[in-house]
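Chains as they are written, first to last, in my numbering: chain A, 1 to 271; chain B, 1 to 271.
These are computed hints drawn from the structure, not numbers from a lab.
Wrong hints could be hidden among the right ones.
Which copy? The list can't say, so a pair holds if one copy fits it or any two copies do.
Unchecked claim - The list that follows gives simulated cross-link-like pairs (lysine to aspartate or glutamate, EDC-like), each with its CA atoms no further than 20 Å apart:
(1) 110 <-> 269
(2) 53 <-> 219
(3) 110 <-> 55
(4) 53 <-> 99
(5) 14 <-> 97
(6) 53 <-> 143
(7) 110 <-> 221
A quick note: this is a predicted structure, and the numbers were derived from the prediction, not measured.
Protein chains: 2
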Amino acid sequence: MGIDHLFDLATELKPAGEDRWIAHTSDAYWNMVGPFGGLVGALLFKSAYAHPKREGQPLALTVNFCAAIAKGEMSIEARPARSNRSTQHWTMTMLQDGECVATATAMFGKRPETFAHRPASAPDVPAFEDVPRMPWPGSGWIERFDLRFAEGQPFWAERSEEPSSARSTLWIAADPPRAMDFVGLAALTDIFFGRIIHVRQQMVPFGTVSLTSYFHATEADLSALGSTPVLGTADARIFERGFHDQSAELWSADGRLLATSHQLVYYRDPA
Amino acid sequence: MGIDHLFDLATELKPAGEDRWIAHTSDAYWNMVGPFGGLVGALLFKSAYAHPKREGQPLALTVNFCAAIAKGEMSIEARPARSNRSTQHWTMTMLQDGECVATATAMFGKRPETFAHRPASAPDVPAFEDVPRMPWPGSGWIERFDLRFAEGQPFWAERSEEPSSARSTLWIAADPPRAMDFVGLAALTDIFFGRIIHVRQQMVPFGTVSLTSYFHATEADLSALGSTPVLGTADARIFERGFHDQSAELWSADGRLLATSHQLVYYRDPA
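Please build the complete structure, drawing on both the sequences and the hints.
Following this line, the structure appears as structure tokens:
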């Protein structure tokens with residue numbers, strides 16, 4: 001934990017003029033052909049969240065992954081589009097070599113005490129300690145997380161011709177442990193593998209193209225979590241002509257819904 | 001039907017220079033204190049969709065409602081942020097008197113034939129003809145739709161102290177009828193009342209602040225629907241400190257998932 005955690009190094013933003021930051025890709029959070037999408041989302045989120053003009057708690061974040069990102073430097077522009085009494089809207093753009101590689105919007109606001117109602121409840125699964133860690137022989141971002149699938153793990157002893165369930169439920173902890181905060185939570189909203197590889201039970205070309213996250217916790221709620229694991233669940237409704245939807249929930253170990261996220265995922269048939 | 005339909009008049013965009021359009025609010029689609037949110041979403045969607053540089057089928061749309069919109073003129077800027085071989089990303093801004101009132105992003109792309117799988121299925125409800133139309137004594141946008149609640153109607157004979165179900169399922173038809181297209185579908189993704197009035201069984205201050213829609217149909221699919229009603233269902237997971245989430249599905253009468261949408265809704269306790 002602390003400022004030297006790989007995640008904090010990977011999400012470092014250097015001020016580069018008004019409304020502008022410089023970031024760098026991180027080998028520690030590299031995916032097969034680009035950065036871990038959750039890290040790109042976390043960088044774009046942080047470009048507004050860490051901006052001196054930001055007011056209010058995080059509420060909503062949309063990240064559009066526009067093009068492949070190469071290893072190296074990225075420039076991020078983050079501008080307040082509108083500030084009201086109780087909410088504030090932001091527009092962000094990530095550039096590499098002058099070309100747009102991602103766009104994003106974010107919203108912040110006051111979170112007053114109001115009527116509360118929580119019809120959704122956390123999945124009922126064995127405790128983190130009682131689920132084995134997903135083995136991962138490779139390097140990159142997956143090594144940075146201790147993922148423990150209680151349901152719908154992405155490895156199959158024998159492929160069936162029928163599509164498998166699109167649903168996964170898993171415990172998620174940073175490795176090494178890191179205290180939860182909003183930049184970390186923003187990254188976790190994109191931690192779920194594309195549902196296409198779960199239903200097809202095989203690797204296919206895929207990638208998130210648009211991700212929207214809603215935050216239901218406050219900074220105080222996240223501080224109270226420390227580095228305890230969170231419980232995530234993801235599912236999908238439809239796989240159709242190259243794209244599928246995906247919806248996810250992130251729960252604290254004591255059953256509080258921290259964030260929900262939705263995404264559209266590009267996929268193609270295996271070659 | 002035809003070019004004189006009120007919806008087509010309300011979504012008219014006049015070219016006003018490169019990447020810029022002028023629109024006007026419509027009394028026919030007015031809400032209590034501003035335009036029907038679905039109409040604002042449809043205008044922002046159309047600003048990219050009708051742009052001469054747009055390539056590909058609609059895939060994703062996010063609309064952020066940043067501030068109140070007054071009756072009168074709106075200026076919309078729509079710019080392609082990035083065009084790739086198979087996808088294209090757009091950024092849009094709606095201004096009124098030079099101030100940002102809404103931001104949006106949209107994504108378009110090719111929809112090749114691929115593996116398809118549809119784990120979600122349409123709600124099982126009585127036919128459109130067998131459900132009574134929701135009575136509506138007022139004027140404005142609700143008059144423009146024939147809404148028939150099969151489940152979770154927003155009127156309550158007697159208020160209970162316990163929160164009601166957040167789920168509604170309803171048939172939706174334009175009144176007068178209008179052939180389905182993507183501009184119309186974009187509007188329908190925001191047709192569902194804020195779940196807060198369903199669970200509280202009373203009117204409270206509320207409004208959508210961010211809306212994300214994913215499109216699972218193609219232009220050919222929508223053309224084939226003509227003006228037949230669509231079936232919509234909406235639900236929510238959490239109502240917490242002034243904001244709740246909301247997820248919705250729009251189905252064709254023959255059971256095809258046309259679009260899914262997700263939104264964050266602002267609410268306050270009644271005065």
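- Task: Provide an ascending list of the numbers of those earlier hints which the structure does not satisfy.
- Result: 6
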